[in-house]
Amino acid sequence: MEEKDFFSKSADSKYAKRIGKFTRVKESAIKFFFAVNGAMALIFIILIFIFLFKEGFKALEHIGLLDFLFFDRADASGIHQKVFEWYPTSEEARYSLVPLLLGTLLTAIPATIISTLLGVGTGIYLSEVANPKLKEFLKPAIELFAGIPTVVLGFIMLAVGASFFNDLLNPTNRLNAFVASIGLSFVIIPIIASLTEDALHSIPNDLRMASYGLGATKWQTVSRVILPAAFSGVSASIILGFGRAIGETMIVLMCAGNAANITADIFLSVRTMTATIAAEMGEVSQGSDHYYALFFIGIVLFTITFFLNLAAEIIISKMRKKNTF
Amino acid sequence: MKETKIAVKDLSLYYGDKQALKDINIDIPEKRVTAFIGPSGCGKSTFLRVLNRMNDLIDHVKIDGEVYIDGVNIYDKSLDIVNLRKNVGMVFQKSNLFPKTVYENIVYGPRLNGIRDKKLLDEIVEKTLNQAAIWDEAKDRLNENALSLSGGQQQRLCIARALAVEPEIILMDEPASALDPISTAKIEELIHELKLNYTIVIVTHNMQQAARVSDQTAFFYLGELIEYDRTTKIFTNPAKKQTEDYVTGRFG
Amino acid sequence: MELKKRKQDIAGTISLSVVRLMFFFLVVVLILLLSKIFIEGVSVLSLNFLIDEPRNNMTEGGIGPAIFGTIAVTLLMVLFTVPLGVFSAIYLNEYAKDTFFTRIIRTSINNLAGVPSIVFGLFGLGFFILFIGKNLDNILETGLLFGQPALLWASATLAVLVLPIVIVSTLEALNSVPKSHRDASYGLGATKWQTIKNVVLPQARPGILTGTILAISRGAGETAPILFLGAAFFLPNLPVADLCIGDYCITIVNPTEQFMYLAYHIFIMATQSSNPTQTLPLQYGSTLVLIVLTFLLNITAIVFRYRFRKILGRL
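Chains as they are written, first to last, in the numbering used here: chain A, 1 to 325; chain B, 1001 to 1252; chain C, 2001 to 2315.
Just so you know, the hints here were simulated from the structure itself, not pulled from any lab data.
Glycine is no exception: its CB is placed at the ideal position from the N, C-alpha and C atoms.
Any given hint could be a false lead.
The following residues of chain B were derived to be distant from chain C, with all beta-carbon distances above 12 angstroms [claimed, not checked]: (1) 1072; (2) 1085; (3) 1162.
Below 25 angstroms or equal to it, Euclidean Cα-Cα: the simulated DSS-like pairs (lysine-lysine) are [to be verified]: (4) B:1127 with B:1195; (5) B:1077 with A:21; (6) B:1009 with A:31; (7) B:1094 with B:1002; (8) A:133 with C:2310; (9) A:58 with C:2134; (10) A:14 with B:1094.
On the chain A side, residues computed to face chain C include the following (Cβ under 7 angstroms) [stated by the list, open to error]: (11) 24; (12) 27; (13) 28; (14) 29; (15) 40; (16) 144; (17) 247; (18) 283; (19) 287; (20) 290; (21) 302; (22) 311; (23) 315.
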């Protein structure tokens, strides 16, 4: 009897209200709108990919993949010689990326080594040595340091650094790979330092306590317990720093001398991939082989940095999983 | 026995693979206070959130069974959940006032319903603050940040805010667990007043509180409804051994 | 045994000192370089320097047009990137479930942040100018108006470049709005959108502002992406035009014009001018202005975020 009463109310109950069609459509439209925007980062990555490849692959129609490695020069007597030169404006245009790749590595690798030493050192200092009050001030300072525009660093290396190292080391060229790599270090040190600090900081305090409890000194704890535990995070920061060094433009454009030498001497002028695009794109005519070749360099750069970033991210996400106890 | 307001039939709830509520059947009477008690993790709070479909907001929650309010199955797919939540208000364990003024907090719900008339909103604020027995303390502070009030005042303001949308049912999830004894007493007094007009379901950790404020008590244990009866019976002469163990303080 | 321990202690102390030394070495170098820029730059700094245009082959005058261009480009960039970034973060934090798709999006955000800035320049050229711009010209029959390097496309490209900054800052801000506030709103019968609009976004506003400031600072400092997107050596006129409705005219930034840009201006003076030594004082002056600008912006953002976190910590 009571049951029947209960259900008989249902028809005019205020709970019986159905979802209004307008409300439902409106809420789903809003969600759809946000979803489209939400995917924007992905959409832009795909667009960058498409438009680099769209232009860059046209280079292969005229230049050919092998020509990006070396130019096959045949002299009058029919002897073939491999020429590794980037000389796209010559009558006999040469498009070898080898000197540019070497130039990039010759600036990026020393920069990464310097930055690893100073950056990891700074990270250790911030996380394990500096007292918390100082640290609260230093962390934003590092952030500020990371925010210095690269053109400023390029300028200061050009105006002050180049002469300083010229007097000190007497290099073959005044502007050279070494000066550029010092400039690059200013960009990469804050990256490595702050990520290293993050990695060290994320190590649970129990581990430190356990080590001290066993009578270890501070340095023993840092070097044998904390650093090994944070190894993956620190290495990810170095990979990211290396990627950044490869992709950086203004400093190498201003300080590396821009001569496409094939050399392993860091006191010689070199030309990086980024600087080549930056210096030549403004002057080439659209649709020429040279123009497409510059886009092809873009593909190479994009691909290298993409995989370096991906590797670093995978390492970091694995570390996060491991560190959540 | 008063008329049934909420009728739950064979309700089960799963978090992913884990079953958190097992075949719950319960009838909750109108304009009475019904208390859910049980040790923590027993499912009482989860069950409370079933009654206004707050669990819908959590990923991977699956619900079987039916919940009828006034004879309407609120888990019907085409039902307007927003309308449901307007009629089934909720007060949470910790005060969750918005970082806005006292006034803005109270009129948040009415504004959602499209009330724009300043005079009408003023009336609602005065009425609900009176209902929640906080008008005298708050009337001069309507334009102050709500978070500047004391903890007990904040919780009564939460109740006032829930009342402002004119619900029929109020769900309270341990509303006094974070408060001092005096504030708790005020809330309990308030619950007594409110049951004249509202159906109240309260989850509580505190058995004395359940005994003081409720007419009916349901004892939950490990996701099951063990026993449900008049409060006096549950606390003086429970039918089940587990209930007796719990209310006499032998576990939990 | 004792001796071994002593040796380890000494090695440890030395190592720790080396770490400390490295850090202070870095600090000293930085301070030296910054003070060099400050000392050299401050001598040419004046109100006139900030508003005057370059004269006499950039050896005299000021950087007014370059500052104007920087402000115009970054403001337009903000108009593009902030809505996009905020909406994107709202989707990821409020709507999206943890699926394969959303994880790809999150990875893309990090990857976008790692794309070399010069590649953004190529992208801006290929996508915005040659694809969007050329097609706009064809559709609107505007001849060659949009399909060439211009302020609009530099802003759009920088907007893509700083998008991850805005998204990440907004995500952090949204994430820090307590869940209990959302529950309260839903419990009062609010829809999802009403909850986002009335409860979540107002609380996240300082975080969004932080992201915006960081984005401006980053955009203003970028040079490589805009090298071939319309940045100019020298322009006799500001990139403005009169927009008239009937007799009423206002002067607005003309987004289809080329522009001068402070960061680019430094690069040009330092490397391309006919007499770099003569322009050196002006180079220092320009650099000082750019550094002060980015530092002020970043400090504002840092202070903002610090206070925002503190407020949230109290809730």
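Subject >> Interface exclusion of residue 1085 (chain B) relative to chain C, criterion Cβ beyond 12 angstroms >> reply: Non-interface label on residue 1085 (chain B) violated, nearest chain C Cβ at 4 angstroms vs cutoff 12 angstroms.
**OP:** Would you assess whether residue 1162 (chain B), listed as outside the interface, keeps its beta-carbon beyond 12 angstroms of every beta-carbon in chain C?
**Re:** violated (7 angstroms)
Original post:
Between residue 1094 (chain B) and residue 1002 (chain B), is the straight-line Cα distance small enough, at 25 angstroms or below?
Top reply: violated (31 angstroms)
**OP:** With chain C as the partner, please determine if residue 283 (chain A) meets the hint condition of a C-beta pair closer than 7 angstroms.
**Re:** violated (9 angstroms)
Subject >> Agreement of hint residue 40 (chain A) with chain C interface, Cβ distance less than 7 angstroms >> reply: holds (5 angstroms)
Original post:
Going by Cβ atoms only, is residue 247 (chain A) closer than 7 angstroms to chain C?
Top reply: Interface hint status for residue 247 (chain A): holds (3 angstroms vs cutoff 7 angstroms).
Original post:
Any CB of chain C closer than 7 angstroms to the CB of residue 28 (chain A)?
Top reply: Violated: closest Cβ of chain C sits about 10 angstroms from residue 28 (chain A), beyond 7 angstroms.
Original post:
Given residue 311 (chain A) was flagged as interface, is its beta-carbon under 7 angstroms from a beta-carbon of chain C?
Top reply: Hint on residue 311 (chain A): violated, closest Cβ of chain C at ~11 angstroms, above 7 angstroms.
Original post:
Within a Cα-Cα threshold of 25 angstroms, do residue 1127 (chain B) and residue 1195 (chain B) meet the stated pairing?
Top reply: Given pair residue 1127 (chain B), residue 1195 (chain B) holds - Cα atoms ~17 angstroms apart, limit 25 angstroms.
Original post:
Should the hint that residue 287 (chain A) touches chain C count as held when the rule is a Cβ pair under 7 angstroms?
Top reply: violated (10 angstroms)
Subject >> Cut-off 7 angstroms, beta-carbon criterion: hint that residue 144 (chain A) touches chain C >> reply: Check passed: Cβ of residue 144 (chain A) comes within 5 angstroms of chain C, closer than 7 angstroms.
Subject >> 12 angstroms Cβ clearance of residue 1072 (chain B) from chain C >> reply: holds (16 angstroms)
Hint violations for this structure: numbers 2, 3, 6, 7, 10, 11, 13, 14, 18, 19, 20, 22 and 23, all remaining hints satisfied.
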